[in-house]
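Asks: Sequence:
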Amino acid sequence: MLRASEKLILIGCGQCATACKSGGEEELIAMKKKLEDVDKQILAFIVPETSCNYLLVRRDLKKIKDALDEADAVLSFACGDGTQTIAKLVKIPVYPGNNTLFVGEVERVGQYSEACRTCGDCVLGMTGGICLVTRCAKSLLNGPCGGAKDGKCEVNPENDCAWILIYNKLKELGQMDKLTEIHEPKDFSQNTYPRNLDLRNKDGGGR
Numbered sequence: 013m014l015r016a017s018e019k020l021i022l023i024g025c026g027q028c029a030t031a032c033k034s035g036g037e038e039e040l041i042a043m044k045k046k047l048e049d050v051d052k053q054i055l056a057f058i059v060p061e062t063s064c065n066y067l068l069v070r071r072d073l074k075k076i077k078d079a080l081d082e083a084d085a086v087l088s089f090a091c092g093d094g095t096q097t098i099a100k101l102v103k104i105p106v107y108p109g110n111n112t113l114f115v116g117e118v119e120r121v122g123q124y125s126e127a128c129r130t131c132g133d134c135v136l137g138m139t140g141g142i143c144l145v146t147r148c149a150k151s152l153l154n155g156p157c158g159g160a161k162d163g164k165c166e167v168n169p170e171n172d173c174a175w176i177l178i179y180n181k182l183k184e185l186g187q188m189d190k191l192t193e194i195h196e197p198k199d200f201s202q203n204t205y206p207r208n209l210d211l212r213n214k215d216g217g218g219r
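Quick note: the sequence shown uses our numbering, first residue 13, plus one each step.
Be a bit skeptical, because a hint or two may be false.
[Claimed, not checked] Ranges of calculated distance between the beta carbons of each label pair, as one might list FRET restraints:
| hint | residue 1 | residue 2 | range |
| --- | --- | --- | --- |
| 1 | Ile104 | Ala127 | 31 to 37 angstroms |
| 2 | Glu184 | Asn208 | 35 to 41 angstroms |
| 3 | Phe200 | Lys103 | 32 to 38 angstroms |
| 4 | Asn208 | Met188 | 50 to 56 angstroms |
| 5 | Leu136 | Thr204 | 20 to 26 angstroms |
| 6 | Lys198 | Glu18 | 45 to 51 angstroms |
| 7 | Tyr205 | Lys45 | 36 to 42 angstroms |
| 8 | Gly92 | Leu152 | 40 to 46 angstroms |
| 9 | Thr204 | Lys100 | 20 to 26 angstroms |
| 10 | Lys150 | Arg120 | 27 to 33 angstroms |
| 11 | Lys100 | Leu152 | 36 to 42 angstroms |
No lab work stands behind these hints: they were computed from the structure. Here a beta-carbon is modelled for each residue, glycine too, at the ideal position from N, C-alpha and C.
The whole structure should be built from the sequences, with the hints applied where relevant.
Replies: Laid out in structure tokens, this is it:
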């Protein structure tokens, strides 16, 4: 993607990408050196506080306006959302430096697990706070598939069976009655892309 681009701007993110060590200041400095070693010019690099915040990114880009005017392209080390935010604000190509994998939980430094599909039809209150859409490889809504072995998923034996986790959690909470409730099919009308949310509306409804 960068073969035709000689003068680059590097942009990271002070939130998720910094926490994941994929787009903080340290990573941008390391990438700057690698690119310079292959004869790319790095005119500037910045790490906005939050790269998916349009107003904050616009503010920070003003600080490097002269460099942007001269640059051939931007290489973004934010997530996919942050990269798109940057692309809205500049008049040169913006290329992704990361592949965004999932909305996840930080278990410890350098270790993350997928936790939410942002489906818009949340059932966590019925499943002991364990997402069956994300944690179950088949996203089954009304109990396990029957293929689990020793508490592990038949699709990926490295993963715990989500429904066994749900069973144990509901038992711990004294809410076993929730296992007898039938979940209606997922309302995928809440998950039509692209979605947006305008809290200035009275109902604050997302779509």
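Asks: Each of the hints needs a verdict: does it hold here or not?
Replies: Here's how the hints hold up against the structure:
Between Ile104 and Ala127 the beta carbon distance is about 35 angstroms. The supplied range of 31 to 37 angstroms therefore holds. The given range of 35 to 41 angstroms is respected by Glu184 and Asn208, whose C-beta atoms sit roughly 38 angstroms from each other. Separation of Phe200 from Lys103 is about 37 angstroms and conforms to the stated range, judged on CB atoms against 32 to 38 angstroms. For Asn208 and Met188, the hinted distance range of 50 to 56 angstroms is not satisfied, since their beta carbons lie about 39 angstroms from each other.
Taking 20 to 26 angstroms as the suggested C-beta distance range, the pair Leu136 and Thr204 conforms, at roughly 21 angstroms. Roughly 48 angstroms separates the CB atoms of Lys198 and Glu18, a value that falls within the hinted 45 to 51 angstroms. Against the hinted window of 36 to 42 angstroms, the Cβ-Cβ separation of Tyr205 and Lys45 comes to about 38 angstroms, which satisfies the hint. At roughly 28 angstroms, the beta-carbon separation of Gly92 and Leu152 lies outside the given 40 to 46 angstroms, and the hint is violated.
Between Thr204 and Lys100 the Cβ separation comes to about 22 angstroms, which falls inside the hinted range of 20 to 26 angstroms. One distance hint, 27 to 33 angstroms for the beta-carbon pair Lys150 and Arg120, holds here, with the actual separation near 28 angstroms. Checked against the given bound of 36 to 42 angstroms, the beta carbons of Lys100 and Leu152, roughly 38 angstroms apart, stay inside it.
Checked against the numbered hints above, the structure breaks hints 4, 8 and satisfies the rest.
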